[in-house]
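Line by line, the protein sequences are chains A and B.
Quick note on numbering: the first sequence equals residues 85 to 278 in the working numbering.
Quick note on numbering: the second sequence equals residues 85 to 278 in the working numbering.
Calculated from the structure, these hints are not laboratory results.
One should not assume that every hint holds.
It does not matter which identical chain is used: a pair holds within one copy or between any two.
Each computed DSBU-like pair below joins lysine-lysine, with the alpha-carbon atoms no more than 35 Å apart [what the hints assert, rightly or not]:
{"no.": "1", "residue 1": "Lys224", "residue 2": "Lys123"}
{"no.": "2", "residue 1": "Lys122", "residue 2": "Lys110"}
{"no.": "3", "residue 1": "Lys123", "residue 2": "Lys110"}
{"no.": "4", "residue 1": "Lys123", "residue 2": "Lys138"}
{"no.": "5", "residue 1": "Lys94", "residue 2": "Lys138"}
{"no.": "6", "residue 1": "Lys123", "residue 2": "Lys219"}
{"no.": "7", "residue 1": "Lys94", "residue 2": "Lys122"}
{"no.": "8", "residue 1": "Lys122", "residue 2": "Lys138"}
{"no.": "9", "residue 1": "Lys110", "residue 2": "Lys138"}
{"no.": "10", "residue 1": "Lys110", "residue 2": "Lys219"}
{"no.": "11", "residue 1": "Lys94", "residue 2": "Lys123"}
{"no.": "12", "residue 1": "Lys219", "residue 2": "Lys122"}
{"no.": "13", "residue 1": "Lys138", "residue 2": "Lys219"}
{"no.": "14", "residue 1": "Lys94", "residue 2": "Lys219"}
{"no.": "15", "residue 1": "Lys224", "residue 2": "Lys94"}
{"no.": "16", "residue 1": "Lys122", "residue 2": "Lys224"}
{"no.": "17", "residue 1": "Lys224", "residue 2": "Lys138"}
Protein chains: 2
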Amino acid sequence: MRVTREQAEKNRERIVATAARLFRDKGFDGIGVDAIMKKAGLTHGGFYGHFASKDALAAEAMTRAIEDSLRWQDGLADIDELVSRYLSAQHCADRANGCAVAALGGEAVRQRPALRSALTDGVRAQIDRIADLLKDGTSKARHRRAMATYAGMVGALTLARAVDDPDLAQEILAAAREAFGDHVATSHRASSRR
Amino acid sequence: MRVTREQAEKNRERIVATAARLFRDKGFDGIGVDAIMKKAGLTHGGFYGHFASKDALAAEAMTRAIEDSLRWQDGLADIDELVSRYLSAQHCADRANGCAVAALGGEAVRQRPALRSALTDGVRAQIDRIADLLKDGTSKARHRRAMATYAGMVGALTLARAVDDPDLAQEILAAAREAFGDHVATSHRASSRR
DNA sequence: TGTACATCAGTGAACGCGCGTTCACTGATGTAC
DNA sequence: TGTACATCAGTGAACGCGCGTTCACTGATGTAC
């Protein structure tokens, strides 16, 4: 049954937002069009009125997921707080609403160019944001440290989620929080001056 | 046609070894039983004479992949060399023969317990190995630094592979090599003494 | 050592299910007068 | 503003392909005598 244009647009939005969460939670191959549409409160048949293919939705969903993962950091002015939140038990447990790069980075290599491009934009944006929070050094040096810090964050989250022992997971998160918090960002600077 | 028991055992081995490489290259959902058997020089029908299911093979292949990814480090006595090799352009390009944790860590959450358990063993072994290469500090402190270093390595490799810009990928690898090489392992120690 | 039979590793056709995609249809919305 | 018709968002059945799994069969290996 037909629906207002406004409502149709809202539906489309909801599909993208739902997919952005479900893909992060279950992976691109782990969730189907049918399940996404059902979760969005629609039936699968209408899908192709909104998107050319599942891949096309995946690319849009990745863009959305990247936006989501950056948004929670808005207003954070402290690298230590950023790192603590990123490496929190909460973020570790909540794949669906967490960092898209950590959740989908490993699968992205095999996805469409548009999707990889969206992810790359997200990586760049995240590196810039971390670099902005590092106070000392040239822009170039801060970006270098930001890349290493971001790598540490993504890796620690990936490891903590992959491992089947909750204690080990917590140890990894704690070790990374200590290593990549601001006091070490400082020591990185010191070492790169050597 | 029947084959020597010895040959059958070799075939089984080859299936596991092939799968260990193909899964790392294409992901668990990205490669089928048919393709694995073909690559191993057999036909798919014989598969279930060797394994109970694709999942069962995946668990064995993960164990094998973990062993592979640890073996190339044998004889390395220098943390800097370990980090350099792990974060080399070569390792970045060669998913199939590289670190199983970086290649499959993101998908492991959704796999069988046996597979996750194999991966967890691998993570522990890798952390121990890095800790052994760090010369100063208590065992506990070295393990803490090893976890952060390993996280940085896995994250940097994941990011470099995920991104669609080769220049950015190289920058990330270079930044991580600088940050997680031994001179910074030293500065980590310094900072944890603060 | 040689022979006869049982075993069983590997083959390839076939099955069945899941999932991406298509399509005829419905009925509410949008529009022309 | 009201009426008549065209449009089209969403529905649900159906299609077709890929893939994990099964199975009857083959013929070489393994074994009993």
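Checked hints:
no. : hint            : verdict
1   : Lys224 - Lys123 : neither (44 Å within a copy, 46 Å between copies)
2   : Lys122 - Lys110 : both (15 Å within a copy, 29 Å between copies)
3   : Lys123 - Lys110 : both (14 Å within a copy, 28 Å between copies)
4   : Lys123 - Lys138 : both (15 Å within a copy, 29 Å between copies)
5   : Lys94 - Lys138  : within (19 Å within a copy, 41 Å between copies)
6   : Lys123 - Lys219 : neither (44 Å within a copy, 53 Å between copies)
7   : Lys94 - Lys122  : within (15 Å within a copy, 47 Å between copies)
8   : Lys122 - Lys138 : both (15 Å within a copy, 29 Å between copies)
9   : Lys110 - Lys138 : both (15 Å within a copy, 19 Å between copies)
10  : Lys110 - Lys219 : neither (37 Å within a copy, 40 Å between copies)
11  : Lys94 - Lys123  : within (14 Å within a copy, 47 Å between copies)
12  : Lys219 - Lys122 : neither (47 Å within a copy, 55 Å between copies)
13  : Lys138 - Lys219 : neither (43 Å within a copy, 51 Å between copies)
14  : Lys94 - Lys219  : neither (41 Å within a copy, 58 Å between copies)
15  : Lys224 - Lys94  : neither (42 Å within a copy, 53 Å between copies)
16  : Lys122 - Lys224 : neither (47 Å within a copy, 49 Å between copies)
17  : Lys224 - Lys138 : neither (39 Å within a copy, 47 Å between copies)
Comparing the model with each earlier hint shows violations of hints 1, 6, 10, 12, 13, 14, 15, 16, 17; every other hint is respected.
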